[in-house]
Amino acid sequence: LADLTTKFAGIHSPNPFWLASAPPTNTGEQVMRAFDAGWGGAVWKTIGEPITNVSSRYSSIDWNAQRMMGLNNIELITDRPIEVNLREIAEVKRRYPRHAVIASLMVESRREAWHEIVKRTEDAGADGLELNFGCPHGMSERGMGAAVGQVPEYTQRITEWVKEVARTPVLVKLTPNVTDIRVIARAARRAGADGLSAINTINSITGIDLSTFAPRPNVDGMSSHGGYCGPAVKPIALNMVQQVMADTVDGPPIPISGIGGIGNWQDAAEFLLLGCTSVQVCTAVMHYGYRIVQEMIDGLSNWMDANGFATLDDLRGKSLSKVTEWKHLNLNYKIVARIDEALCIGCQLCHIACWDGAHQCIHVDRVSGPIDGPVELHAKPREHGRERIAVTPIPKLDPPKAHIGPYATSLERIPRVDETECVGCNLCSLVCPVDDCITMVERPTGLAPETWAERTNAG
Amino acid sequence: LLTTHNSQFTTEIAQRFPDLHPALDACAAVVEANRCLNCFDAPCMGACPTHIDVPAFIRKIAAGNVTGSARTILDANVLGASCARVCPVDVLCEGACVLHGKRQKPIEIGRLQRFAMETFYDAGGRLALRQRQERSQRIACIGAGPASLACAAELRQQGFQVRVIDRRPLPGGLNTYGVAEYKLRAADSLREVEMVRNLGVDFEVCDIDAASLAVLEREFDAVFLGIGLGAMQRLEVAGADSVAGVGAVAGIGAAARIIDALKFIAAYKSGSPLSVGRRVVVIGAGNTAIDAACAAKRLGAETVTILYRRQRQNIPAFDFEYDHALREGVEFVWATLPTAIAAKNNGLELTCVAVKQDANGRLTPQPGSEFTIECDAVIPAIGQSPLLELLSQVPGITMDRGRVGIDRTTGQTANPKIFAGGDCVNGGREVVDAVADGKRAALGIAALLCNRQSARTEVPLG
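Note that the protein sequences, when read in sequence, are chains A and B. According to the numbering used here, the first sequence holds residues 1050 to 1508 in order. According to the numbering used here, the second sequence holds residues 207 to 668 in order.
No lab work stands behind these hints: they were computed from the structure. Glycine included, C-beta positions come from ideal geometry on N, C-alpha and C. Treat the hints with care, as some may be off.
Coverage of chain A stretches by chain B, computed from C-beta distances (three or more under 8 Å per stretch; other residues unrestricted) [stated by the list, open to error]:
no., region
1, 1393–1407
2, 1431–1444
3, 1454–1464
Start from the sequences and build out the full structure, keeping to the hints where you can.
Put into structure tokens, the structure is as follows:
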């Protein structure tokens, strides 16, 4: 059975699934329930001088009747006294010595303030520290959070202050609200950070109430931009993790804890394949509760078993070598769309997507049999259904509708790919609602692989 | 109106005939709308006789634009509300849904359409006139059923002056008088009629005969015949005359013994107190027969038996109607023909004979197989007769097997001034077919009166 134990820059946890610093890690009581549910670690809700929050703090976007595709918050760091948080950390560590408890920290940008909070937190028994340089709302207006993380010099200086006194591993949590996240990651590395966490939430306005004209969340008629997270941000997070992990400008990368839209084992596996040592989850837990970790552990283990990965080290970063710059991609690789007529249900979404959104090479013009050979033919998409008089069929009086061809779907509704025009863009296979109905198949060009870089170098 | 007839009875009807299918609430509608794939050249749209842009109206529901959704429906089918309730969607839009190909439940198009339409009407929705310019030409639509309503609405939308004339006190035709109450309440039908009236269509109650039709043809620029079919065919069995008669028109009273299915349905829907007795026999197995049988059951009959001369697989009713009848507790007796009817005790005695069907479909009564059924009421539902007497006097039109001959794409009869659609043309199909006929005829009339080619390019199938 796959071994999920995780060692992150010296921080041990039974599995790579950590709760991100957020409402699910607000109190010791919550963190202990989370550990009971199966979570391997928890990054404590950011500790600092207690703040006052507003009421009305979250908003979300739904997509296709699914709730919380993306979640936005304007909540600040902990609103509980530092000593209460530290007392609870000590209690959790006493009861759960093998789980990882990482304290997220944010104080004003003074050396003494950072020194003091680091010492107190480590005295309480935290396994590591995560410097919150990423919170994009509220705290940044007070010179903390993203206000630090958006300036490489500030990031470096404060990380250095922390490293002056820290005895446990120090993680710097990166904000995505920058032009090039690698610049900030390098600053953290230069300062001696032991690891990184990425990404923090993305600046967002989730939407506007069309009856009040006020954005959400509505705080007494007004709103403010917040931090965006949830399934919608995963692709952005994956890209930023890859950028940081592939960056060797200042030496080899340091361990990274992946964050951003992780809700199941597949999401987690993707972050691990891009080099993450652990992953952090928040929105999915805010949606469904701690229990979801069971599926994540089970799913990841099964997938590892099926692929012969005994430990996480066996798979970590395996996809990094498969990401490159565009100029190194093979220009002589050609694929075309193939429609499996036996699976096609005749929705013709590939046809209209190709026509209006791609390269006008999928046609609805079949009248009989399979198409032999490429046919150059263009006809504007037409809604044939409206051109015919239709009546309610009466079995006794009306012959059954004509069905052409050997497939379940009548041939005139099964689109045809004109391979001579197909550029292999994938769009049709993306919109097709039937699994495996449209596949992209390779058409050997007979040409040796050639990249743009090679072509331009050759002159 | 219907409700003034006998409010206590109307309440009772409402209790006995609750909606067959529950409405979708707003949340469920959005979830269901989001299942829709938004097919291009969607088969559901092609299967709908009125070619409602189903993906478009469903997408608008998903986007919270229910008013726009309703307008999309009404743009294609002005009776979108009643069609949402009465259409046999299994053989139309939902039957054509591509999700069948994925072994998934089709999109519940009927219920989504009903959600959009009822939300629209409940909010007091009214249809704005497309065309602001008035045209002077006048068109008379004979009959106030779905075909005429659709024709009138479309013509009015194009600025023509339209009068709808019907012999019944309430407009709406079979939508008002002939649809099972658990599918479509008369009040719902009248709500739709009101919307058509609000477009500026005149309604007149008048029994049209050949002479008055000739006057209309002279005075109006075009005439649309949406007169439907005539009375139900009489049950031709020995003794039928002796027990028919009293009470048969007003509904089944204590003395009534035989009442045809349409009169029976119209009577209970109109609020006439009905007592159907304990045992009811319905003759025929079409959709109307099933409506009547289920109604008799809901009106208190202990046993309701449908007699049909052929076998289960030959019934004209849709499969889902047959299944529904079974669920309501209706019994079926196959391959049986009534031969005589007589008063007995306080009820009726129906003499029947078993019949055999040969390979050519010919029926032969089986000697010696006679048996009797005692019952309190007999409801023949063996089809409506065409209005041959009236139609035969309309100059210039042609008849084909009891149906008015038309050009399918324009609805025009052999008399260029007269157009026709609905049951009188198709022999009796669905509301949505009548609406489609009416709309096509309206476009044909508009093209004629504006001296231009028909805007429609629809071509007959096959």
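field: Violated hints - listed by number, lowest first
entry: none
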